[in-house]
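One line per chain: the protein sequences are A and B, in this order. Mapping of the first sequence onto numbering that gives the first Met the number 0: residues 0 to 378, in sequence order. Mapping of the second sequence onto numbering that gives the first Met the number 0: residues 0 to 261, in sequence order.
Simulated from the structure, these hints should not be mistaken for lab results. Just so we're clear, the structure is a prediction, and the values are computed from it rather than from any experiment. Yeah, the Cβ is synthetic: ideal placement off N, Cα and C, and Gly gets one too. Check the hints yourself; a few may be wrong.
Using C-beta positions, here's what the derived DEER-type ranges look like [unchecked claim]:
(1) Thr191(B) <-> Asp75(A): 46 to 56 Å
(2) Leu247(A) <-> Gly197(B): 38 to 48 Å
(3) Asp23(A) <-> Gly183(B): 47 to 57 Å
(4) Ser161(B) <-> Glu8(A): 36 to 46 Å
Straight-line distance between alpha carbons at most 30 Å, and here's what the computed DSSO-like set of lysine-lysine pairs gives [unchecked claim]:
(5) Lys148(B) <-> Lys356(A)
(6) Lys146(A) <-> Lys219(B)
(7) Lys74(A) <-> Lys219(B)
(8) Lys115(A) <-> Lys6(A)
(9) Lys82(A) <-> Lys189(A)
(10) Lys73(A) <-> Lys115(A)
(11) Lys148(B) <-> Lys61(A)
(12) Lys215(A) <-> Lys189(A)
(13) Lys74(A) <-> Lys136(A)
(14) Lys56(A) <-> Lys219(B)
(15) Lys148(B) <-> Lys136(A)
(16) Lys33(A) <-> Lys56(A)
(17) Lys82(A) <-> Lys297(A)
(18) Lys317(A) <-> Lys219(B)
(19) Lys356(A) <-> Lys189(A)
(20) Lys6(A) <-> Lys148(B)
(21) Lys219(B) <-> Lys115(A)
(22) Lys73(A) <-> Lys56(A)
(23) Lys148(B) <-> Lys115(A)
(24) Lys82(A) <-> Lys219(B)
(25) Lys148(B) <-> Lys73(A)
(26) Lys6(A) <-> Lys219(B)
(27) Lys219(B) <-> Lys73(A)
(28) Lys148(B) <-> Lys82(A)
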Amino acid sequence: MDEPVIKTENLCFVYPNRTSALEDVSVEVPRGKKIVLLGPNGAGKSTLFLHFNGILKPRSGKVLFNGEPVGYGKKDLEELRSKVSLVMQNPDDQIFSSTIEEDVAFGPMNMGLPMKEVEERVCEALDQVDMFGLREKPTQQLSFGQKKRVSLAGAIAMHPEVLIMDEPTAGLDSRMVHELLELADELNQKGLTVIMSTHDVETAYSWADEIRVMNKGRIIYSGDPDGFFSDGQRARNIGLTEPMMFDLNRTMSRHNKVPTDPYPRNIFELNQKFGQHRGAMGRLYFYPTSDLSGETIKTIRHMMPQAAVGLIGSRARKVGADLGLQVEHRFDTYDEALIEVGHGRDFVIVGDENWRKEIEVRLDALGTAFGATVRLMRL
Amino acid sequence: MIGIDELAYQSRLRQWPPLGKFLIAVSLLIVALTTDSFIVPLITMGIGLGLLSYSTGLRFPRIISLVILNSLAIILIGCLVIAFLTRGGGEVASFDLLGLRLSIERDGLDLATLVMLRALAGISVMLAFITSTPVPHFAMALRQLHVPKEILELTVLTYRYSFLLLEQLETMTVAASCRLGFRGLRTSIRTTSRVAVGLFSRSLDMAERSQVALNCRNYKGDFPVFRPPRRLTWPWVAGPVGLAALIYIGNILLETSWKLTW
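Based on the sequences and whatever the hints tell you, model everything.
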């Protein structure tokens, strides 16, 4: 098994006002996974994050990065913070430059990178968060959602190994939440370990590979989301409710007298598990963004007049917007595609090659767990 | 402040070197203040208004209109006082006000007019400058003049955080209004003082969180500039200085033919 990218051993931390924020916290963050840190307000999530990149020094216990104890010397911390990026909950805390590109360039320039590379990283990061067109805009004139994107770009531009996001979905509309989660998926597909904290159990349940649950400065659960929510009382005891999908599955499993396992994470899986897909399923196609042109969608509509089209990933969305494509789905495309296919409608997903691989992996897992035979076909 | 900032970022002159624009404003201002002719401030004002109109595309938000009206009111009162108090050159006009005889003499009228034209010229060139130059651009441009970077970084940070504090102030004021915090004079005063105290403690919080954010991004004690503003080059020095010199010398040479007086 791979060594965890971050590991803490018996971490304790007390704030100067004597508030004990962390008590004997031992936690592992596996490399290349999507981890959600779940817990009520004041559980110690942000404090733990600040230990991951050496902002706070533990009173006792230790933090290990790539198996090595974190050093608190100037050089050690600079190296650690170049590899472990933190996106803060309130973007106003993080943005202090006067224009967007200045702010995104701040981290890479502090890393002492050559100007050409800084320029490339700034463009790439702004492109990923779809803010490239506004790069010279003053930061005080941005909306909350735009500030969130800029603060994320500032962290991505440092090309970290681990990206930590403190409550990234707080205050965002549904579309932005889905776009952000998709972007986090893309970064994860490139090998980044992504950790986020949230109160939003729905997000935690549907997005995370694994969760860590904190309460009153202690880790009370580490593992897959189903394992934690299986004991409903445990979640409620710390002020969390069960995710809607989890609740539905449990209720319907009881009603249909079937085991709760496997646990569906989306509507399609739920319908599949309880035999709701009675008619013929639609077909799922994939069209690469690199081949996309203004005529593509017209051709698809001509070939398959009943099919729905959706864009997946930041690049597809950008190309789609540049070409002014009229498509049915611009966010949450994977889940929406499965729902449409389940209803017998063909669906064309437009995305990058990495998304094709990701979707194939997800469909394989879907087939194994729920017996669904949805194949992704190239158009 | 927000209105002027928005104008500056949308200005058509934004890409001009900030120090070049500053030099234009200052040289025109100096020439307008050092000549006695009415025509020089009028020329300066014309250039200033031309630049202002081009810079803003004739979009004057309320804040600019207020600045102009406010300045005009102050200038007008000041000039009236000068006109009535300066003596010499013979009486031009007189009238009775509540039994008090007031008169304006030629020298008073000339001086008041000159002061008013100079003031208007100054306002127009300075407005043209501030509505085309965002504060951070100017601060960063001052690096070229070897102003200590600590002062400049402090200026830029103060500028950035002043907007956050203004937003915070607005939010707190709205929150207080929602709970009748400005009902009656006494309540208003109490609320205002509470808002001020709250703003102070919030600013301390903000400073602490910003320090954490800076450290997260490997802050090493100074703010590197990613895209510095255009540098001041010799043509940008020669242009404004040459224009000012031209007006000044033209005024001396043609003083008799273009000197306007009442």
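Hint by hint, here is what the structure shows:
no. : hint                                : result
1   : Thr191(B) <-> Asp75(A): 46 to 56 Å  : holds, 48 Å
2   : Leu247(A) <-> Gly197(B): 38 to 48 Å : holds, 45 Å
3   : Asp23(A) <-> Gly183(B): 47 to 57 Å  : holds, 55 Å
4   : Ser161(B) <-> Glu8(A): 36 to 46 Å   : holds, 44 Å
5   : Lys148(B) <-> Lys356(A)             : violated, 50 Å
6   : Lys146(A) <-> Lys219(B)             : holds, 24 Å
7   : Lys74(A) <-> Lys219(B)              : holds, 11 Å
8   : Lys115(A) <-> Lys6(A)               : violated, 35 Å
9   : Lys82(A) <-> Lys189(A)              : holds, 15 Å
10  : Lys73(A) <-> Lys115(A)              : holds, 26 Å
11  : Lys148(B) <-> Lys61(A)              : violated, 38 Å
12  : Lys215(A) <-> Lys189(A)             : violated, 34 Å
13  : Lys74(A) <-> Lys136(A)              : violated, 34 Å
14  : Lys56(A) <-> Lys219(B)              : holds, 19 Å
15  : Lys148(B) <-> Lys136(A)             : holds, 23 Å
16  : Lys33(A) <-> Lys56(A)               : holds, 25 Å
17  : Lys82(A) <-> Lys297(A)              : violated, 44 Å
18  : Lys317(A) <-> Lys219(B)             : violated, 35 Å
19  : Lys356(A) <-> Lys189(A)             : holds, 12 Å
20  : Lys6(A) <-> Lys148(B)               : violated, 40 Å
21  : Lys219(B) <-> Lys115(A)             : holds, 21 Å
22  : Lys73(A) <-> Lys56(A)               : holds, 13 Å
23  : Lys148(B) <-> Lys115(A)             : holds, 24 Å
24  : Lys82(A) <-> Lys219(B)              : holds, 16 Å
25  : Lys148(B) <-> Lys73(A)              : holds, 23 Å
26  : Lys6(A) <-> Lys219(B)               : holds, 27 Å
27  : Lys219(B) <-> Lys73(A)              : holds, 10 Å
28  : Lys148(B) <-> Lys82(A)              : holds, 29 Å
Comparing the model with each numbered hint stated earlier shows that hints 5, 8, 11, 12, 13, 17, 18 and 20 do not hold.
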